[in-house]
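Residue numbers (UniProt numbering), protein chains in the order written: chain A, 1 to 459; chain B, 1 to 280; chain C, 1 to 292.
It is possible that part of the hints are untrue.
[Stated by the list, open to error] One side only, chain C facing chain A, incomplete, derived with CB under 7 Å:
| id | residue |
| --- | --- |
| 1 | Ile152 |
| 2 | Phe218 |
| 3 | Glu257 |
| 4 | Thr259 |
FYI, nobody ran anything at the bench for these hints, they're computed from the structure. Just so it is clear, the structure is predicted and the values come from calculations on it, not from any experiment. Built from N, CA and C at the ideal position, the CB exists for glycine as well.
These are the residues of each chain, in order.
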Amino acid sequence: MKRTLSLTAVLLVFAVMLAACGGSGSSGNGETQSASAESGTSTNAGSTGEKNEETAASGEPFVIRLGSWFIDDRQHMTDFKANVEKAFKEKYPNGTIQWDILLSATYMDKLKAELASETAPDVFFHQNTLGQYAEAGYLMDLSGEPWAGKLRPGSKIATHYKGKVYGASMALNAVGVWYNKKIFSDLGLSVPKTWAEFIDMAEKIKAGGITPIALGFKDLWTANLFLELVVQSIGYESSPTYGKDLYDGTKKLNGEEMQSAMRKFEDMTKREFFNKTALSLDWPQSAELFSSGKAAMIVQGPWMPGVAADNFAKYGFEAFEVGYMPIPTESGYYNLNISAGESLSINVNTKHQQAAKDLVSIIVSPEVLGPFSEGNGSIPALDGVEATYPTPALNEMLAAVNNGQTSPGYSSFIPVSAATVTQETVTKIVSGVNFNPNDLKEAQNKLEKDKGTVILPPE
Amino acid sequence: MRRIAARPDNRAGLLTELAMIVVALLFLYPVFYLFAASFKKPEDFYNPLKLPDSFYWGHYAKAFDKVDVWAGFLNTAFISCGALALTIGLTSMAGYAIGRRPQKTFQFILYFLLSGMVIPIQTNMIPLFQLGVDVHLIDTRTFLVLLYTAGTIPFATFLYAGFTKTIPRELEEAADIDGCGRFRTFWSIIFPLLLPATGTVIIINILSYWNDLFTPLLYLKDPDKMTLMPQILQFKANNQSVDYGPIFALSAMATLPLIVLFVFTQKYMIKGMVVGSMKG
Amino acid sequence: MKSSAKNYGFGLLLVLPAMAVFTLFIYYPFIQSLYYSFTEWDSIRDPKFIGFDNYIYFFQDSKMMQGAKNTIWMTLFGLLIQNPLALLLAVLLNRSFRTKAFLRTAFYLPVIVSLVVASVVWNSILQFDGVLNYILTHIGQEQAARDWLGNIRTVFPVIVLLTQWQALGYCAVIYLAGLQSIPADLYEASTIDGAGPFMKFRYITFPLLMPAVTVVVFITIVGGLRLFDLPYVLTNGGPGTASYTLTLAIYNAAFKEFTYGYATAAGVVLMIIIMIVTFAQLRLTRSREVEL
């Protein structure tokens, strides 16, 4: 018996020692003040780690790491890389950019881990995490940068936190309905101005033997795009501060606005406006469906015309002109959420502070950002950068943006868990189940439970 | 004792056999589909029943082009073998110790180990991540080897403990009389006798290590160190347009080594399972 | 003879490395998890202590409950249907068919295929314009063709059936091994005593097969309770929440929704469920085991 006790004691001591080592290890690590999630003390976010040396100025060759998840081998992306490297080389002949690219959502998880372990790239893109990372002390304060004052209002949520600038942004994306102009002209259809006209138009397309709208709901984010597009208009029509109202509780997720949106989806499903494969197709397959002319419309971001053009070439589909339209409410009102697609921040621990800042400046300079935006179909996030799109569709989008109202996306005011429930409700409805308002009650519950995870967008 | 004698064939037996063959073929179909589809030309790809009339290697070429298949293969092999070696080394010793000693302490240790089996990986996800960061082993293959080993320790120890009981104690006593050190006794005499249990451990676990998606997905980030399963998944996510050919090619290549292994070790595998499950 | 103290010490030495690795990588993170389960934490900023709130919410969360429901269904199916089927398969595979080797290989081969690869293949086969529907239409059953994974009613049953593709072979092989270790003399003796096939099964096969049953049932339960890969790759829980399992819900709560404290609490609940069920199961089946 005594033996057993002593053994257990040994094990306990063992475990305690480990806990102590682990705890001190994380705070003893690294000479800088960046907080790890474990020790949980947020440092003054503005500090930049005085102990870091500046190696770029000394003329030695160095490598600067740039992390991203969306730079693939499309034309405008490769051009972007080339432009950035060229400009950087001019300023820093000894510097080389190492592109740490991971082309999927896993990039976000990895980045989080890298930040926690102080192995993150010097400069990195991220999405929807500006507030959290700033509060945790990972990001360098960039309020004094020359481009900081040029950031457009729509980009604030991705760049500002507590009055300071912690990141730049490249693209403001507008989501909408992209439609096949040839089908429309063949059937004698015009762009609908009200919801009733929208339904009408879709019915005519269906009568013509073509699937009205292509859905790729296997990728839940496409459902999200569509839902948000619909709710944004309905919500902001009912209140100019719809998003904040949701957060404050004056409007609810199971309120009239959301219910109306869900009923619209139910209606569209019953009228068979969607492809039968809506839930087993993913985004690339739905894009293919649209590009092949088998479906007349698709709800997507501004990259759609570019993707369609790529698909024409790759699959040999007959090319057609793409048009843009927003989704109107019954009264013809629409509101678009021009949200920043990504944040571009500097790692507070970087050893190449000046080079990192210059790299960011290069990326948001008109010479680089202009062509990028044109190829990407996004609106530049900074003033002074103009983009004239080669595709008429994107110009139509720009016109719609300028002619209509824009507000911050309502979903940035609610916790992710609540948004997920609404998306899942949509997929359920599209799969053929009748809309059940209790599902929205669930969303409201999640909102109230996880409210603490929301970082409110800056005013 | 004779084994169960097989029943003699008869009419019903023949019909049953035919039915079995049909079902077996159905079972094999997805595997066949995997390999066949990887060789189909892109236009034929979505034509479900058309068989490839020639071998189209384009998908494989593309897979090799976009993904470092060889690196994935080596990494997977390294991690699997490393974990197996470490597990066998650690648990054979531990199992032997537990099997031989009746004291309560050792039984407690065994239960302690077994209790760990119920902890789902999801529970430990983020603390493990933090741990990896703290010991500077995050994003290393070594970390994965350690994780796999830790997860296998309970069952493997249990297996070895049970099997040790079937080895007569006289052997150790004889070795002791001959002046053999205890450590040497274990490794040169006992361990070889534990071979069937070792075989079982290998066979059962190589599959789970090789085919594991979750662990490398979470704890590895360097593409040079990535294993095959996450490569397949990322390959699927990478494409802006759908191109299943290369995904199938990659999947086929990832599965092939296991099929080869299986074909060569089939008898041994099944025998190992007999021993493993009986002595467990 | 060596002194037993020395023996004891040596024994401890042998056990130490395994214990060290195990404790460090399994128990230490687990203790930390227990702490986090009582907090509200997004894994980036500080955790905030909230007591049992996570646990209370768990039982009100319809997504978790759906996941729990599916998980339990999966496990029950495994126990009540998969198990007997696997046994039947084993019995059949035990007969001396001419194609015995082929048959055994065919049924065991699916086990080798990883779940990721299986998901890729099955997704292709089950798509609306995939092989299965193609065949159905061509044999005149067009109305049966549907989006198997996109329909709320069919998605989880289909996933359960998919697990059988690999599970049956795996379990059958274990049963086969068990069957082959039963001495034939017992059967012969019982024939002489006038026992029919049913009695043989009940009094000879079943009791002596118990060790194999223990193992198979254990694997089935634990496997069922932890099902993750298939729903994750195939449907990620959709449509709606129809194909959620507990493990998938936990994973999403942590990595998609940043509610890590909550996810851990759910993980702990899952663990408790597994512990209770397996403990009960092991006691039940081990007590029925008969040694020769």
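Would you check whether Ile152/C satisfies its interface hint, that is, whether its CB is within less than 7 Å of any CB in chain A?
-> 5 Å, holds
Per-residue hint verdict: Glu257/C, partner chain A, C-beta under 7 Å = 4 Å, holds
Thr259/C as an interface hint toward chain A, with CB separation required under 7 Å | 6 Å, holds
Residue hint Phe218/C, partner chain A, criterion CB-CB below 7 Å = 27 Å, violated
Going down the numbered hints, you'll see the structure goes against just number 2.
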